[in-house]
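Given the sequences, and given the hints that come with them, work out the whole structure.
So the sequence lines, in the order shown, correspond to chains X and A. First residue of the first sequence? That's 1 in our numbering, and the numbers climb one at a time after it. First residue of the second sequence? That's 252 in our numbering, and the numbers climb one at a time after it.
Because the hints were derived from the structure by calculation, they are not lab data. A hint or two may mislead.
[Said to hold, decoys possible] Pair ranges (Cβ atoms, derived):
no. : chain 1 : residue 1 : chain 2 : residue 2 : range
1   : X       : L59       : A       : Q401      : 24 to 34 Å
2   : X       : Y140      : A       : Y500      : 27 to 37 Å
3   : A       : N259      : X       : Y230      : 47 to 57 Å
[As the list claims (entries may be wrong)] Here are some of the chain A residues that sit facing chain X, going by a computed Cβ distance under 10 Å:
no. : residue
4   : G289
5   : S438
6   : G463
7   : Y500
8   : V502
9   : D503
10  : T504
11  : K507
12  : L508
13  : T509
14  : E513
15  : L515
Remember, it's a predicted structure, so these values are computed and weren't measured experimentally. Beta carbons: idealized from backbone N, C-alpha and C, even for Gly.
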Amino acid sequence: MLEVKSVYKSYSKTGISFRRGRVPVLDDVSFQINTGEWAALVGESGSGKSTLSRLVLGLEKADSGSLLLEGKDAAVWMKENRGQMSVVFQDYITSANPAFKVKDIIHESWKTAGGNKSIHETVESLMRKVGLPLEIKNRYPHELSGGQLQRVCIARAISTSPRFLVLDEAVSSLDVPVQAQILQLLHQLKAELDLTCLFIAHDLQTVAYLCDQIIFLNDGKIVEQIETKYLANAQSAYAKRLLEAVIRFKV
Amino acid sequence: MKLLEVKNISIYDTQTKNGIIKDISFALEHHRNLGIVGESGSGKSMMIKGILRLMAPGMNASGAAYFEGEDMLKMSAKAIQNIRARHISMIPQDPMSAFDPLDTVGKQMMETLCENLKISKKEAKQISLHELERVGIKEASQVLRKYPHQLSGGMLQRCMIAIAAASKPDIIIADEPTTALDAITQSDVIATFQRLHTQLGTTFIFISHDLGVIQQLAQDVLVMKDGKLVEYGGTGDVFHHSKNEYTKYLVDTRIKLTRSFEKLMREESCDA
Numbered sequence: 001m002l003e004v005k006s007v008y009k010s011y012s013k014t015g016i017s018f019r020r021g022r023v024p025v026l027d028d029v030s031f032q033i034n035t036g037e038w039a040a041l042v043g044e045s046g047s048g049k050s051t052l053s054r055l056v057l058g059l060e061k062a063d064s065g066s067l068l069l070e071g072k073d074a075a076v077w078m079k080e081n082r083g084q085m086s087v088v089f090q091d092y093i094t095s096a097n098p099a100f101k102v103k104d105i106i107h108e109s110w111k112t113a114g115g116n117k118s119i120h121e122t123v124e125s126l127m128r129k130v131g132l133p134l135e136i137k138n139r140y141p142h143e144l145s146g147g148q149l150q151r152v153c154i155a156r157a158i159s160t161s162p163r164f165l166v167l168d169e170a171v172s173s174l175d176v177p178v179q180a181q182i183l184q185l186l187h188q189l190k191a192e193l194d195l196t197c198l199f200i201a202h203d204l205q206t207v208a209y210l211c212d213q214i215i216f217l218n219d220g221k222i223v224e225q226i227e228t229k230y231l232a233n234a235q236s237a238y239a240k241r242l243l244e245a246v247i248r249f250k251v
Numbered sequence: 252m253k254l255l256e257v258k259n260i261s262i263y264d265t266q267t268k269n270g271i272i273k274d275i276s277f278a279l280e281h282h283r284n285l286g287i288v289g290e291s292g293s294g295k296s297m298m299i300k301g302i303l304r305l306m307a308p309g310m311n312a313s314g315a316a317y318f319e320g321e322d323m324l325k326m327s328a329k330a331i332q333n334i335r336a337r338h339i340s341m342i343p344q345d346p347m348s349a350f351d352p353l354d355t356v357g358k359q360m361m362e363t364l365c366e367n368l369k370i371s372k373k374e375a376k377q378i379s380l381h382e383l384e385r386v387g388i389k390e391a392s393q394v395l396r397k398y399p400h401q402l403s404g405g406m407l408q409r410c411m412i413a414i415a416a417a418s419k420p421d422i423i424i425a426d427e428p429t430t431a432l433d434a435i436t437q438s439d440v441i442a443t444f445q446r447l448h449t450q451l452g453t454t455f456i457f458i459s460h461d462l463g464v465i466q467q468l469a470q471d472v473l474v475m476k477d478g479k480l481v482e483y484g485g486t487g488d489v490f491h492h493s494k495n496e497y498t499k500y501l502v503d504t505r506i507k508l509t510r511s512f513e514k515l516m517r518e519e520s521c522d523a
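So, in structure tokens, the structure goes:
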């Protein structure tokens, strides 16, 4: 489904400086995700995960290398398949328009994706699908809890019945019980919908819950790509360090 | 003698008379760290602010909080200021926004130390360097010269811990110390806390929604829900043999979250 081939990306240094330079963010990144697969991109803050997700979403352009979706250039694919790629961001507060009601938020991307006649799902059925009570339909974002608003964002993301979904730290800023609920919801969506997903996270525990394969990104380089079921046998030093850093809860 | 004893503390809004914290009592013993857990909005931070008298205007606390036999809720402003400066330090929730972006970290550290410990600038600098090294920052003199935006979240969090530890307080309160950090930094920060606990003998209060963090760091735990105390006891007892529905729910969700990960890791130990 998604094929990333030797992608480079750097940002220019900011500030007044005589030495003009560029900071490399992604350095020869290549990987692929097969159709129907859920892949996790794991790394520390500053490792370039968010930059990579922005490239995949077409919000920024790579310096060199190519991003292919179903064999086509990502930009072309997106034009041909409007609304087929969706995203859920970490910061649910800034990703919902504060002046919109819940129903408008969910409806919005559905409307802008326009021309797509195959969508018959109503706001109500979407809300039911993500486990939101229908009475909050006319509320504004600030009247919802974090977990509810993130559910609204997920409902908006799946409203156009996308085939490719990017979850950029979608559960990281929620507290543990709510995280568990959202992961359960995503797990259920994974079973119900025909989705390919790129899940960006820094917590291996949440990733192991959902994804089929895990890609480790360190300092802009991919250090290891491994199937989740073999996670315990990860070879690279970085992956081992991350595995050790996990805060376990023992029973 | 107990280090800190909180008796029937309640916090309410003076205008609406709405209770935010309802009748909570707990005690902190020497060298026994306390963890406070609960969902967001359960009043964990509010209670601590109430005890230290850092509440927003319009909030009022009743009950008693005894530190060295004196009630902190009734003492003079100067006396409570002295306790906050020398005896009970607090590490605020968000390290990124807790520093002033317009001043270097070093200046802010030294300012705090001069004010709290009544020492000269030179001494303050010595102590800052020493404390930064203690929390595991290698190039301490470099870090002192940096502005907050030039440091990562984990570094700032460690600077905060260094400031809190510098006055050698009896108690350090850490409000969600790991929430804003990524996995590797989280475990570094936890190791720093453990080192301070054994080296300096500081007693900690940790506020967190992550049971894993609490389990590693605290000997006692207090579970809160909607401003009420749900359960209070030894960490092992509360997490393993809880009879309370809500505690069980918290433990279950945490287990559910990690079940697949733990399963994968167990398979490894079987192979080995």
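Hint by hint, here is what the structure shows:
Checked against the hint of 24 to 34 Å, the pair L59/X and Q401/A passes, with Cβ atoms roughly 26 Å apart. Against the hinted window of 27 to 37 Å, the Cβ-Cβ separation of Y140/X and Y500/A comes to about 29 Å, which satisfies the hint. Checked against the hint of 47 to 57 Å, the pair N259/A and Y230/X passes, with Cβ atoms roughly 54 Å apart. With 10 Å as the threshold, the beta carbon of G289/A comes within range of chain X, its nearest partner Cβ sitting at about 9 Å, so the hint holds.
Residue-level restraint check for S438/A holds (minimum Cβ-Cβ distance to chain X is 4 Å; threshold 10 Å). For G463/A, the shortest C-beta to C-beta distance to chain X is roughly 4 Å, which falls under 10 Å, so the interface hint holds. Taking 10 Å as the C-beta contact cut-off toward chain X, the hint placing Y500/A at the interface holds, the least distance being around 7 Å. The beta carbon of V502/A is positioned within 10 Å of a beta carbon in chain X (closest approach about 8 Å), and the interface hint is therefore held.
With its C-beta approaching chain X no nearer than about 9 Å, D503/A sits inside the 10 Å limit, and its interface hint holds. The beta carbon of T504/A is positioned within 10 Å of a beta carbon in chain X (closest approach about 4 Å), and the interface hint is therefore held. Checking K507/A against chain X: minimum C-beta separation of about 5 Å stays under 10 Å; hint holds. Because the closest C-beta pair between L508/A and chain X is about 5 Å apart, less than 10 Å, the hint holds.
Proximity of T509/A to chain X holds as hinted, the smallest CB-CB distance being about 5 Å (cut-off 10 Å). Hint status for E513/A: holds, given a least beta-carbon distance of 7 Å to chain X, under 10 Å. Contact between L515/A and chain X, as hinted, is supported at the beta carbon level, the nearest pair being about 5 Å apart and thus within 10 Å.
This entry satisfies every hint, going by the numbered hints stated previously.
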